[in-house]
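*Asks:* The residues making up each chain are set out below.
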Amino acid sequence: MNHDAYDDNYIRSILNGVKSIAMVGASPVNVRPSYFAFKYLAQRGYDMIPVNPGHVGKTLMGKPFVASLADIGRPIDMIDIFRNSSHIMPVVEEALKLSPPPRVIWMQLGARDDAAAEKAEAAGLKVVMNRCPKIEYGRLSSEISWMGVNSRTLSAKRAPVPTQGMRLSLNRTSFGGGQTAASDRAAKNKTEST
Amino acid sequence: MTDRLPGFSTIAVHAGAQPDPTTGARATPIYQTTSFVFNDADHAASLFGLQAFGNIYTRIGNPTNAVLEERVAALEGGTAALAVASGHAAQVVVLQQLMRPGDEVLAARKLYGGSINQFTHAFKAFGWNVAWADPDDIGSFERAVTPHTKAIFIESIANPAGSITDIEAIAAIARNAGVPLIVDNTLASPYLIKPIDHGADIVVHSATKFLGGHGNSLGGIIVDAGTFDWAKDNKYPMLSEPRPEYHGIRIQETFGNFAFAIACRVLGLRDLGPALSPFNAFMILTGIETLPLRMQKHCDNAKAVAEFLSAHPAVSAVNYAGLPGDRYNNLQRKYSPKGAGAVFTFSLKGGYDAGVNLVSNLKLFSHLANVGDTRSLVIHPASTTHSQLDDAAKVKSGAAPDVVRLSIGIEDKEDLIEDLDQALRA
Numbered sequence: 001m002n003h004d005a006y007d008d009n010y011i012r013s014i015l016n017g018v019k020s021i022a023m024v025g026a027s028p029v030n031v032r033p034s035y036f037a038f039k040y041l042a043q044r045g046y047d048m049i050p051v052n053p054g055h056v057g058k059t060l061m062g063k064p065f066v067a068s069l070a071d072i073g074r075p076i077d078m079i080d081i082f083r084n085s086s087h088i089m090p091v092v093e094e095a096l097k098l099s100p101p102p103r104v105i106w107m108q109l110g111a112r113d114d115a116a117a118e119k120a121e122a123a124g125l126k127v128v129m130n131r132c133p134k135i136e137y138g139r140l141s142s143e144i145s146w147m148g149v150n151s152r153t154l155s156a157k158r159a160p161v162p163t164q165g166m167r168l169s170l171n172r173t174s175f176g177g178g179q180t181a182a183s184d185r186a187a188k189n190k191t192e193s194t
Numbered sequence: 001m002t003d004r005l006p007g008f009s010t011i012a013v014h015a016g017a018q019p020d021p022t023t024g025a026r027a028t029p030i031y032q033t034t035s036f037v038f039n040d041a042d043h044a045a046s047l048f049g050l051q052a053f054g055n056i057y058t059r060i061g062n063p064t065n066a067v068l069e070e071r072v073a074a075l076e077g078g079t080a081a082l083a084v085a086s087g088h089a090a091q092v093v094v095l096q097q098l099m100r101p102g103d104e105v106l107a108a109r110k111l112y113g114g115s116i117n118q119f120t121h122a123f124k125a126f127g128w129n130v131a132w133a134d135p136d137d138i139g140s141f142e143r144a145v146t147p148h149t150k151a152i153f154i155e156s157i158a159n160p161a162g163s164i165t166d167i168e169a170i171a172a173i174a175r176n177a178g179v180p181l182i183v184d185n186t187l188a189s190p191y192l193i194k195p196i197d198h199g200a201d202i203v204v205h206s207a208t209k210f211l212g213g214h215g216n217s218l219g220g221i222i223v224d225a226g227t228f229d230w231a232k233d234n235k236y237p238m239l240s241e242p243r244p245e246y247h248g249i250r251i252q253e254t255f256g257n258f259a260f261a262i263a264c265r266v267l268g269l270r271d272l273g274p275a276l277s278p279f280n281a282f283m284i285l286t287g288i289e290t291l292p293l294r295m296q297k298h299c300d301n302a303k304a305v306a307e308f309l310s311a312h313p314a315v316s317a318v319n320y321a322g323l324p325g326d327r328y329n330n331l332q333r334k335y336s337p338k339g340a341g342a343v344f345t346f347s348l349k350g351g352y353d354a355g356v357n358l359v360s361n362l363k364l365f366s367h368l369a370n371v372g373d374t375r376s377l378v379i380h381p382a383s384t385t386h387s388q389l390d391d392a393a394k395v396k397s398g399a400a401p402d403v404v405r406l407s408i409g410i411e412d413k414e415d416l417i418e419d420l421d422q423a424l425r426a
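Listed in order, the protein sequences are those of chains A and B. In this text, residue positions in the first sequence follow the working numbering: the first is 1, and each later residue adds one. In this text, residue positions in the second sequence follow the working numbering: the first is 1, and each later residue adds one.
Bear in mind the hints are in silico, worked out from the structure with no lab data behind them. Where hints are given, some of them may not hold.
[Stated by the list, open to error] So the derived label-pair ranges between C-beta atoms look like this: (1) M61/A x D134/B: 57 to 63 Å; (2) R103/A x L293/B: 46 to 52 Å; (3) A125/B x V31/A: 31 to 37 Å; (4) P337/B x K157/A: 31 to 37 Å; (5) S20/A x T10/B: 35 to 41 Å; (6) Y10/A x D415/B: 52 to 58 Å; (7) P29/B x D47/A: 32 to 38 Å; (8) N9/A x A317/B: 20 to 26 Å; (9) D134/B x G165/A: 55 to 61 Å; (10) G273/B x G124/A: 51 to 57 Å; (11) A393/B x M1/A: 51 to 57 Å; (12) R83/A x S387/B: 55 to 61 Å; (13) P147/B x V31/A: 57 to 63 Å.
[To be verified] Result set (EDC-like, lysine to aspartate or glutamate): computed pairs, CA atoms no more than 20 Å apart in a straight line: (14) K39/A x D42/B; (15) K188/A x D197/B; (16) K39/A x D40/B; (17) K232/B x D184/A; (18) K188/A x E411/B; (19) K190/A x E253/B; (20) K190/A x D20/B; (21) K157/A x D20/B; (22) K157/A x E289/B.
From the three backbone atoms N, C-alpha and C, an ideal C-beta is built for every residue, glycine too.
Sequences are here, hints too, so could you generate the full structure?
*Replies:* Quick look at the structure:
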């Protein structure tokens, strides 16, 4: 699996396929990126679970924080890890102990641990690294186009007006896999030099 | 499903534009409004905190402008773009994110005369220093890099003589220096050259020229290639440091590989204010739909006119990279194989006076200070666009007193040649 560039269909199949997402490292502080990524995914209809041992007893968008993945107590489809690269492996090891294990491990923008990815993939999980699910969902649905971002997709169908809890179609025509060719190159160079 | 991806012409027509959500309008509506209502207080706070996708105020973003932004980002192969009021506004907004007083931008000596003025005078007043290098001598860029250098700025096809810049060689110098390469791609347009494919980190345009293409609307565009690591060595604090006005978010950390375009929008456009009118965005978008058709015709006409002029007894020299034997012909074959663009210069044996006569005798060519119009244009740079430069700088930037600049339009080439012929004989 090439983790420098992801085909749009790979990301699309994950975001269309999962229903429940546990966010490890979710923050109740409303100016943290994890807070607004959590909020966006909840608004787009995902069943979100905040995981953070430091905030047990509090809630995020009405969902109670749990201390660990084991405490969720029901099957989850995807784990979105909002932690630095150095804290990824223990989360993946914990995820693999779940029964049933999640189908997807997603590491946030800036986070990448190739050894942890290999371990998850060996157990049959799909892995995404160094991406944000909010950005990818906004991109494939073209909602992110409001900010002048290149969604790298086209559609001649009427655009939806997003409402609370609404899932948007991600099935627009892609005109480039992964990030753009240039940003893929840059990401690859950066990985090799670190 | 096939693996075929949409091509350039399809992207030029479709990217960013989908039928309007509320009315189903197929053409992009002109959202001629200053402001947008919020759903509720929480929605407003999310938008102001850069936490949600949406519109606040047209100085920061507008749905018509957003279509133009995505269209050009897609055509250039960038991650995101920002539309602004003019090409000059694009340059100020880009450099505002990168420069602090005492910092230096290293620029190619061959630039649009207006850019040379902006860099030399306006930027100096901001405390931004400019170092100049010669794009025909790549080593001069390498020698001019200092610890204060924050960016390198070049034109892909350079005004006024249509010379072609060795983008990859200068991109390598920028990479070694750890600074972004900014390429003004106005005269090439992404139809001819995609600078990001050759190592550019930021592309700017005067969309007034070939993108809009009809000489009716000013506009500028900034494209983020998504290639530069702004957090490295903390050289670019606007992107890497917490922003107090946005609750301490770090732009690069939050927005990843389109962070530069976001910084230009939420720090540059917000504070400097050169927003593009949605009406102009609409006009430029309409122009872009035919960019591939127009650009090829511009190039084909320009080549025919350049060939005619180079055989003319009144002409002493033609600078057109599309002519075999031109000093930029090899670079043109590498970087711009579909054509050498439509802006070039030639010199008259009769010198300055012959140039003035030619301009006044032409009937079809318009004498004005623009390029990249459907109409063919002529100007005498030494007395107009480059008149504020001293004589030595005029020669160095390709605007010597005997030089006439043409911007070839999309009329019938036979009519253009006939007009030039009668004017040269008169």
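*Asks:* Hint by hint, note whether the structure agrees.
*Replies:* Results for each hint:
At roughly 59 Å, the beta carbons of M61/A and D134/B sit within the given window of 57 to 63 Å. One distance hint, 46 to 52 Å for the beta-carbon pair R103/A and L293/B, holds here, with the actual separation near 47 Å. Look at A125/B against V31/A: about 36 Å separates their beta carbons, and that is inside 31 to 37 Å. The beta-carbon spacing between P337/B and K157/A, approximately 36 Å, falls within the hinted interval of 31 to 37 Å.
Between S20/A and T10/B the C-beta distance comes to about 37 Å, which sits within the given range of 35 to 41 Å. In this structure the hint that Y10/A and D415/B lie 52 to 58 Å apart at CB holds, the actual value being about 54 Å. The hint said 32 to 38 Å for the Cβ distance between P29/B and D47/A, and at roughly 36 Å that hint holds. Taken as a hint, the range 20 to 26 Å is violated for the pair N9/A and A317/B, whose Cβ atoms sit roughly 54 Å apart.
For the hinted restraint 55 to 61 Å between D134/B and G165/A, the CB-CB distance of approximately 60 Å keeps it satisfied. Between G273/B and G124/A the beta carbon distance is about 54 Å. The supplied range of 51 to 57 Å therefore holds. Between A393/B and M1/A the beta carbon distance is about 55 Å. The supplied range of 51 to 57 Å therefore holds. Here the CB-CB span from R83/A to S387/B is close to 60 Å, well matched to the stated 55 to 61 Å.
A beta carbon spacing of about 35 Å between P147/B and V31/A contradicts the range 57 to 63 Å that was offered as a hint. At most 20 Å may separate the alpha-carbon atoms for a hinted pair to count; K39/A and D42/B meet this at roughly 11 Å. Distance check on the hinted pair: K188/A and D197/B sit about 15 Å apart at the alpha-carbon level, within 20 Å; holds. A C-alpha spacing of about 15 Å is found between K39/A and D40/B, which places the hinted pair at or below 20 Å, so the restraint holds.
For the hint linking K232/B to D184/A, the alpha-carbon distance of about 18 Å falls within 20 Å, and the restraint holds. The hinted pair formed by K188/A and E411/B fails the criterion: a straight-line CA distance of about 46 Å is larger than 20 Å. Among the hinted pairs, K190/A with E253/B is consistent with the structure: their alpha-carbon atoms are about 15 Å apart, no more than 20 Å. Our distance criterion of 20 Å between C-alpha atoms is broken by K190/A and D20/B, whose separation comes to about 39 Å.
Only pairs whose Cα atoms come within 20 Å are accepted, and K157/A paired with D20/B is accepted, the gap being roughly 9 Å. A threshold of 20 Å between alpha carbons decides the hint, and for K157/A with E289/B the separation of about 18 Å falls inside it, so the pair holds.
In summary, the structure is inconsistent with hints 8, 13, 18 and 20 from the numbered list given earlier, while agreeing with the others.
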